[in-house]
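Chemist: Sequence:
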Amino acid sequence: MKKFLAIGHWKENKNATFCVAMQATTKREFRDNLGGNGFIPYVVISEKKMEILRNVSEFELFEEVKKMTSNYRKWDVVCDYIDQCFDIMEEKMANAQ
Numbered sequence: 001m002k003k004f005l006a007i008g009h010w011k012e013n014k015n016a017t018f019c020v021a022m023q024a025t026t027k028r029e030f031r032d033n034l035g036g037n038g039f040i041p042y043v044v045i046s047e048k049k050m051e052i053l054r055n056v057s058e059f060e061l062f063e064e065v066k067k068m069t070s071n072y073r074k075w076d077v078v079c080d081y082i083d084q085c086f087d088i089m090e091e092k093m094a095n096a097q
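Number 55 in the working numbering belongs to position 55 of the sequence shown; there are no gaps in the numbering.
Keep in mind the hints are simulated off the structure, nothing from the lab.
In this text, a Cβ means the ideal position worked out from N, Cα and C, and glycines have one as well.
Treat the hints with care, since some could be wrong.
[Said to hold, decoys possible] Label-pair restraints from in silico Cβ distances:
id, residue 1, residue 2, range
1, M1, D76, 29 to 35 angstroms
2, D83, N37, 32 to 38 angstroms
3, T26, S70, 18 to 24 angstroms
4, G36, A16, 16 to 22 angstroms
5, T69, T26, 16 to 22 angstroms
6, F59, N13, 27 to 33 angstroms
7, R73, R31, 15 to 21 angstroms
[To be verified] 20 angstroms max Cα-Cα, derived PhoX-like pairs, lysine-lysine:
id, residue 1, residue 2
8, K49, K67
9, K74, K14
10, K2, K27
From just these sequences and the hints, can you work out the full model?
Modeler: Structure representation (structure tokens):
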């Protein structure tokens, strides 16, 4: 089982950004599980990508986010969330089940 983290919003709450972490065998299974629970992901981050994000500068972060999603409207939202809430993301990834 691999751990994945998604940054996005719940269907009922489009004005707030959240992150959700779980274990799954594949990224596709993780996305299907999120959709079934009413979570709309902007990006999905694996453990390997978390290591990359941990070691990038602010300028490199934007380039990494651009690679993760083609939805250019969410690039700034995701970058801001990663920049401000990386400690929460790490905690959720560590506790993912």
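Chemist: To test your reading of the hints: which numbers does this structure violate?
Modeler: Structure breaks hint 2 only.
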